[in-house]
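One-letter residues, chain by chain:
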Amino acid sequence: MKLNGILTLTLALLATMPTAAKNVDLSTIPPRDTVQLTIYNSEDLTLVRETRTVTFKKGVNPLQFSWANTLIDPSSVDLRFKTHAGELELLDTTFPHDKPQMLYWAVRSEMDGDAELEVTYFTSGISWSADYVCISDPAEELMSFDGFVRITNNSGEDYADAQVRMVVGTINLVEKVRELAQRGLVSRDEAKDYERSRRKAGAFKADAKNELLSKLRADFAMAENAARQPKKIVKEGLSEYFIFSVEGTETMKNGWSKRMRLFQGHNVPFRIQYRYRPQEYGEQLVRMFLLRNDTVSRLGSTPLPDGVVRLYRDNGRDGLSFSIEQQIKYVPIGQEIELNLGRDPEVIHEWVSIRSWRNAFWFRRHGASVYYAPGKGHRIKINDAVVGWDEHQAWVERIRNYRDKPIDLQIRRSFDGHVVFRSNLEPSLNDYRSPQLTAQVEAGEKKELRYELVFHQGHNQKQTNVTLESVN
Amino acid sequence: MKLYLGVAKDIVVKRTIDRRDQKRVLGNLYDYDVVIKYEIENFKDQPVILDLAESMRALRSEIGVNNQRDVEWELVADSTLTDKLDEKKSTADQAVFHVSLPLRGKDDKAVKQTHTIHLRIKNEW
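Protein chains in written order, with my numbering: chain A, 1 to 472; chain B, 1001 to 1125.
Here chain A stands alone, though its shape is the one from the complex (with noise of 0.2 angstroms):
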């Protein structure tokens, strides 16, 4: 075992353990037998349960455990006996005062002989990624789409055979794991058991943590078989949890990354359409690509984890072009994954104004608060105001398509006030402000979409809202 940090696990053979620690005798350090990672991106925290077989005589055993230069929480550090439980107990846990970064456990032992141990805590340091590219056909209507991680292992130590988990979904973790690994343990007075420590710390919240601990085994304990299935990655859903686990095992030196093949999609059928959305994607009409993630989609096999997709399209003479790059958040199974091209500079886009006109007027009577209106055939004087209006104006979305192909467009605009929106053009409403259309526009067509909108001011606002109108 090559340690980067110092993370070991060693037994005194003393029968007895004296109260200075720099006394012990140390004398085996056994190896890991197996150690598993599961890395949990969301809260840079990742659980270690590692196996070791350990030595033990009749009597009290003191095993020491260090973690020197990694970003073990400290607090999170559990000792349990897979074999010969009943023949060994843990007595105590000892922080020595001179070696910060060390604990003792105190072991009887009723035999002579060896017994399995597990070791399980958190560290930080050990991160995932995934990745996505992406690589449509000359036609733009199927794609390839294969996803990828890559973990990356800055925790201070080595972790060699290790099974990989990574973990999608967010959990709730009261302290930051990096943060309690740099605190330091305890000071010299709570050092003399494990216990009082937690409770003196205070801060470190143990019990929640060791909760959270021990769910996280029980979790675990269900998925272990799948995550020694045969070499692949195995996807799972687990609790508000999603675990991948990475086929066989895989050496994690410190300090360096590892990308895998998380799956592959062929044939990924998917459509086109082009948006205008100033508050998604800026005053310009883009292009997107959208797909499913779904079985129809020759997807859908797992949800997506966070990741950056890179764009490619085949140009049809054995070579490639680099559309995107773009950051995609989590798309569960079924969910839609759009990917912005862009403004594309074959369709081109204007929003004109075209005429503004002002109607249906109320007047206020100067120094009263009283409300008049020519059309409802109240008498107005010199001195009356202009309190309430109706702002007509009438607008065009001028839409010129110069590809070879017809584009299907949506157009979504969010007005403030009351608003009334008047066309023909079969709008809908995606929120209470937005009015949205749709519409397809031929290859070479240059189309106009029309309406009105009405603005009710002053004494004329009612609401807050946009009411569509047909005429026709």
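The set of hints was computed from the structure by calculation and includes no laboratory data. It should be emphasised that the depicted structure is a prediction, and the values quoted were computed from it without experimental measurement. Glycine included, each C-beta is placed from N, C-alpha and C at the ideal position. Any given hint could be a false lead.
[Stated by the list, open to error] Below, computed lysine-lysine pairings styled on DSSO-like, alpha-carbon distance capped at 27 angstroms:
id	chain 1	residue 1	chain 2	residue 2
1	A	K462	B	K1122
2	A	K447	B	K1023
3	B	K1084	B	K1037
4	A	K446	B	K1084
5	A	K447	B	K1014
6	A	K446	B	K1002
7	A	K446	B	K1023
8	B	K1023	A	K381
9	A	K376	B	K1023
10	B	K1122	A	K381
11	A	K381	A	K447
12	B	K1088	A	K376
[Stated by the list, open to error] Listed next, with one range per pair, are the computed distances between beta-carbon atoms:
id	chain 1	residue 1	chain 2	residue 2	range
13	A	F415	B	A1053	35 to 41 angstroms
14	B	A1077	A	E338	49 to 55 angstroms
15	B	T1016	A	Q410	54 to 60 angstroms
16	B	Q1046	A	R403	53 to 59 angstroms
17	B	A1053	A	V370	41 to 47 angstroms
18	A	R433	B	V1065	26 to 32 angstroms
19	B	A1053	A	Q463	18 to 24 angstroms
20	A	I324	B	D1083	45 to 51 angstroms
[Stated by the list, open to error] Computed from the model, here is a short list of chain B residues facing chain A with C-beta under 7 angstroms:
id	residue
21	G1027
22	L1085
23	T1091
24	W1125
Given the coordinates of chain A, work out where chain B should sit on it, guided by the hints.
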């Protein structure tokens, strides 16, 4: 595609606001009749088509009416450029006219054309 070649110094346009009449409609609501006169000379030795674009917000500000509302305007029929209005290129805020200018005469004198636009700016307060 448009290429900007610079300022055409051989085309001279003198623009004046010849008339500004304010008419009360109701209460503090007013209409304004504005007549803009253009005197245009083409000193080039080739005919050209001149585009005249009049911004309504700028014009309203020019006649001393300032607010943030859109300009409600209409072209009154007695304008000499009424039939030159390009309705495709005109917008709620901009009226665009096309004027054909003949080339400079044989005596090197440019023909001076005089045109008027009569605009009604409505419902201002």
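Structure-inconsistent hints, enumerated in ascending order: Violated hints (numbers, rising): 2, 5, 7, 11, 12, 13, 15, 16, 19, 22; every other hint is consistent with the structure.
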